[in-house]
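A.B. asks: Residues per chain, in single letters:
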Amino acid sequence: MLLLTLAATAQKKAVTGTVTDTNKEPLIGATVREAGTTNGTLTNFDGNFTLNVADGATLEVSYVGYTSAKIKASFGSPNLVSLKDDAALLDEVVITGYTGTQVRSRSTNSIAKVDNKKLTVGVFSNPGQALSGAVSGLRVTQTSGNPGAAPTITLRGGTNLDGSGSPLVIVDGQIRGSLSDINPEDIEDMQVMKDAGATAIYGARANNGVILITTKKGKSGQSEINFKAKVGVNNLINPYKFTDAETYLTWQRNAYLNSHNVWTKADGTPVGFSPIANLTKNTPMGTGNSYFASDGKTILNDGNSIWSTMYLNDQNKILLDQGWQKMRDPAYDFMLANYQKPWYKSQFGTTFVPQEYLIFKNTNPADYNFKDPSYTQDYNVNMSGGNDKGHYYSGIGYNYSQGLPINSYYKRYSFIFNGDYKIKPWLTSISSINYGRANWQSMPGSQGDEANYFSRILSVPPTVRFSNEDGTPRLGNNAGDGNQNFQPNQWFIFNQTDKFTMNQAFKVDFTKSLYLRMAANWYYSEGNYESFTKDYYNTPTQISTNRSTSAEFNRSFEQTYNAVLNYEKQINSHYLAVMLGTEFYDSFYNGFSASGSGAATDDFRDLSLTSSDKDKRSIDSYHTQQRILSFFGRVNYDYMGKYILSAVVRRDGYSRLIDNRWGTFPGFSAGWMFSKESFMNPLKDVISFGKLKTSYGLNGNVSGIGAYELQGGYSGSTKYNGQSTFILSSVPNPGLIWEKTRTFEVGLDLSYFENRYSTNFTLYDRLTSDKFASLSLPSSSGISSIRTNNGQFRNRGLEIELAAKPLQSKNWNWSINANIAYNKNTVVKLPNNGLPLNRQQAFQVYSGKDATDLLWVGGYQEGQEPGVLYVWQADGIYKNESEIPDNMKVLSYNYVGAFGGPSKTLWGKAQWAAMSETDRGTSNYPIQPGDVKWKDINGDNIIDEYDKVKVGNTTPHWIGGINSTLSWKNLSLYTAFDYALGFWMMDYRLPWLMGNMQGTYAMPMEVTNTWTSENPDAKYPRYTYADQLGKGNYLRSSTLFTNRGDYLSFRQISLTYSVPREIINKGFIQKLDISVTGQNLGYLTAGKTFANPEKGGGIVDAGYSLPRTVTFGLNISF
Amino acid sequence: MKTKKITYLAALMVSLILTFTACNLDLGPIDNYGNANFWKTLPQAQAYVNGMHMDLRSTSFNRNYILGEARGGLLVTGNSSQGIAPDYGDIKKNDVNGNTPGVSGWVDFYGKIFDFNLMIQNIENSDIHKNNQKDVDYLLAQTYGMRAFYYFTLYRTFGGVPLVTRVKVLDGQVNAVDLYTARANPKETMDFIKSDIQKSLDYFVSAGKEWTNNVTWSKAATQMLAAQTYLWSAKVTLGNQTPDAGDLAKAESYLNDIKNNTRFGLLSDFSKIFTSDNGGNKEIIMAIYYADGEATSNVGNFLYAAAQNTFYTKTCTKVVDPLKILSTGIQRNEYTLDFYKSYSDKDTRRSATFMDYYTPSSALMGTVMKKFIGSINSTGARVYDCNEPIYRYADVLLMLAEVENMKGGDPAQYINQIRQRAYGADYVAATDAYVNADFKTNEYAILKERDKEFVYEGSRWFDILRLKDGINGQPLAFDAASAYTTTPVLKTTEKYKVLWPIDKATLNADPLLKQTPGYKVADQVEEVW
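Protein chains in written order, with our numbering: chain A, 1 to 1118; chain B, 1119 to 1647.
Please keep in mind that the hints were generated in silico from the structure rather than gathered at the bench.
Remember, predicted model here, so these are calculated numbers, not experimental data.
Positions of the beta carbon are idealized from the N, C-alpha and C atoms, including for glycine.
Check before you lean on any hint, since a few could be wrong.
[Said to hold, decoys possible] Cut-off 25 Å, straight-line C-alpha distance, at most; resulting in silico cross-link-like pairs (SDA-like, lysine to any residue): (1) LYS616/A with SER1133/B; (2) LYS1122/B with LEU580/A; (3) LYS507/A with SER1133/B; (4) LYS113/A with LYS217/A.
[As the list claims (entries may be wrong)] To be clear about the criterion: a stretch of chain B counts as covered by chain A if any three or more of its residues have a C-beta under 8 Å from a C-beta of chain A, and this derived list gives those stretches: (5) 1160-1168; (6) 1230-1239; (7) 1278-1285; (8) 1378-1392; (9) 1405-1419.
Chain A with its partners taken away, still in its complex shape (with noise of 0.2 Å):
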């Protein structure tokens, strides 16, 4: 053996030589083989190399981005070799679905690559947050910075009459329901598959695209062990600022003098909403607190005591050393005038004697009820390796998210393995397993609802005590709403899935030009939830002893085979490569629920110990089994390069489908390189590279339709008598067919300059035919709805990609990528109801024309873009009492049925005057200064639910995304931005905010901004106790609170520093780079108040706001 390796090694000589780039810069760590062997080395750090090699061999040099070159070995002098910048664009492979690659630069279809960088610079919990503004005509809105969401994704305006519809997302052949819970490190590869010509191979589950990634796998003749580090630090970021406690009494106290006497009777007594009473009580603006118990020493802590307010008096004063703070109360002049009038004395009690000083201590919930900043930890290992038989690679990885909310979190916990090797010289074997753990909780378990954690519970008065003086926490008002970090871990949360995937194919190579490949593909995905709620203090004094406990188990098994015949051959000028494959899915679900309460102590969440009493315990198992049969085939053919023709089909049967469970999906796409005609040559040093595509397919969808639904159900119910019950619990349904989408689309790629310029043109039509909707029916069928295939449904639009290479010089380097997609969704058809345009769900409004005419608007209507905002008009605020009208009447913003309170009805002046008091009795007021001027639009003097005026539509028409990677020698700059444009939005929140809805809570800073008789230009109306109890000012929807939704995101910025070779390269260490980011820096944008600017879709409520985050990174490869 030894002697044999002398011998192989005798007959070798030592080769040398430099490999730089085109620009004669060295390239490190470029990749140098003798030809047919495994014989190979690196370059160093001055791109030289030197390798023993066999007389006569061939050099094989490789290098990421570039062009491989083979260069016969020359021994005496030494090799110089110039690799060529990869036209990456154009040469770059692209995914087709079953394992089908192709040149970018035949490719016929819409199939974006996301650019690596996206998923490696920054942190992220999955790699759907990453993907903003990355791909043309994907639009990405992260509507949660809760660090395990998952944003909502949707290709080309979506599918679905409300713009919903997700792509299909496949991770290695294997169909994930989301992008959650996947390392971004293991991504090798990620594309978007856009257009029906090429998505039709995925048939029926493909009608708003596709989402294919690939896992990394190892490469021959590079073994490396790579480590990856990254720290972030996450920043709160609160659109609503909260007024401190002195100005939230000047307002509030003030709130309510102004509110309880609206108007006033002849015999003195006032009329308002407002129950004065709580001025004097042991509420948040009130002064009926207490701090120390009679006996003048005891701290208190109950009901009295979780308001600061109080007036100042002798007892109390030693507060203001100890951080409290006095003021003069807002409303003393006015009580002092009015306490012994009879009204009022009956209001305040005849004991009660106003007093001039009010002292109380500034508290701010957020300070209570955050981990700001928090923390992100992401770690990632991976070894790969390969020679000509076999591959490997293996990572695992390691993510800790906190969450702002304190006590929240999300973890995962991820392993990958992907090997192949080849067993015989006919036959590969695959194999590859995946495995994912995550962890979560989202918020402490008071809590279940992020819009109320980030504006609500942020709203509790700032005259709350969360803490005594000598810092022993308190609990505030209750549980719901007070101080957070009092009792946190009274909330037991157990949050956890696993998934697993494995994989196992063969290849068998029959010849060279034709292969099967058969698969088995296992996904294995299982959820464990438990919570449990010990003893918790629901308010300082009363303790909740309820102690439900829940636990839920499920698991889904998903079995994939398929088995793909694949043929390729050159022949002359001809291309041709067909595929044929067939593929069974079986999916079972199943698991079990179980919720108890009432165990005899709060130590243990074990059901077993929950009170088995009737009705206290409830248990339910469920199971669901699905399966899909496919036939599919692809054919592509090219002749020269220059004319490309594509086809596929595929044909689905789903056991969800009753009547109508086969579809057939076909889809075509063909190609014209032009710029390889001779008639373009004059232009060649132009444009370098020109190609006019067109596609047409059609796919299906059964998206959203239950395993059983259509076959209804009759389930027991409610025993009657005693006796067991049946009734239709779902309506059968089996004529429902499948939705079907067809895709045209036309395309024009260019490259300018060698390809140092190129743009993407392409214009697409989508229609969806055959919408599932639920379909609203007569009362008298007796189903209020039903799903029906519900008319068509069309997305149109135009995506333009533009990359550059502005720069490319010896130390410096700059590309820029940019997209912009432009999309309108129409209601094409819907189902003949015979209504005009066959409207569903649409309301009217005045046209304006004349006094009575009315416009059926928004819902669904034939020819119409869905989605439109329509608001009540706010023509700014009655300034002073000669502004208001003498006759205008404002009717409730809506009806009041036979089960609500009394409506409101406001009156202009004269009409106000003339009514006797008995007439206006308490459901009239006046129309007074500091009122909302609502628009009349047709002109007769009543504002009632008709008078609305059209803001927006409230979907984007515009979006896109601009990257940028700058370079100067071993520094490099990236920077990422996505925008938005074309919509509108309405605050949700700060209208119920402002108009005191809660009736004591704080008042965002905007209250500053409202109507005083010494501010009458105000923007908004004047500031009262609980709006919707009085004139509704606030509560009504309007243009007060809509901005234009457009906004531009600062999504990453990052610098790197590639530590030069030459100090590393002694730690055997090859490559390491640091890095600071910074992710999520904030929008530009009109609604300053929007907590999450992306999410569009009308009126829209607080929410958690993507943290802004700064992330410091290392790699290290050795």
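We have chain A already, so just place chain B on it with the hints.
C.D. replies: Frame of chain A, contents of chain B only:
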């Protein structure tokens, strides 16, 4: 070699395709019945009819109270005597109109009618029917009877209504246009109800079975429905639905059938009719079944709230939670004091129906209704588990009185049977007995007896529409005395209010549907009857 390879390959592909093709795509629900495996056995059909009874229970409050009582003028419309804002204030004030219709979507009755139609469609003349003729005939007798019962309630509430007898959505592709159904005119509606009643009775005969128990639809229940329907038909005119010569006689004959049925009779003690432990008594012909753990009723909203509510009795004794409500109720509905005061001191029904309470100075302050107060269960909690009668024997007698009055006869004997039971031992025929008088006086005597007898039994509103001030006169709803005050329940200028309006959403969802006459708002179209 090459041919061999290709042969292998071909064999492999064929076997793979065969393996896959053999996979069955016909999967059925694992946890419940689907359409494919229901309606296959008799027990399924029987359990389905049990389900219909459960529906009857879930619609009971709306049918009984909202439609049958709330508009009758006997309920407090402002805050209650305990200061609680009322439920259904607009309805109680008869303030219903096209904008605030009070009820919506036909009170969801068509959702229940759907179930009857589904049963008839799947079972009548099916194999199960053929193989179990008598058993299924009995089920169909109940089904037709209950369907007629819903349609009769709809008729009395809205007049002519859409007559839906088939579940069209199961016939294939669904299209809203095919489901649009205009309102039938009043006569068509009434004729349809009568024909369903006849089918029910015929099936009871062919089934050879007419009774299970008094909480399950029976032949007697259909007979009561028939009597009510024909009496209505004989007395109430609506559009082209005018009294027919034979209506009254038919009503009388159905009433006599029940009167002669030895299974039923009057209990001697009024208060024993409704108690939780006496559900099976002979006075109940048909009732809704309630039981702790299965379902309980809504009467908590006719009582009072917190356990600490204190009341003064007439003799100034202070009592806390006198009825042991244990914080399960609230006073959202209260009967008027004017009505309460109309009871004679001798009348045992007064204290069986109401608890009266007073101000500290002994002035009558208010009442709560305790008629269906339920019981205290094994864990010591108050549960509202009294069965709620749909038909009972007292109604037979009082309807016979009405027939008698229409015939010009003497209704007193029937009224007095009821009154005698009510006054018990205190009854003195000479002073307490009713003596025949003119038509209107007789009608009022019957109404006032009915009012006292049937509190919260879903009768009052329909009574003031059926009882009249003359043989061809106006309903007593327009007569001041009917409300125990000086104001009539309905103004004579609002004759259309004998029916209810249709809500906008229901009208908008069906272009063939027209508004109830008198109620149109904006550009709505009204029926012309």
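A.B. asks: Kindly indicate which numbered hints from before are broken by the structure, ordering the numbers from low to high.
C.D. replies: Structure breaks hints 1 and 8.
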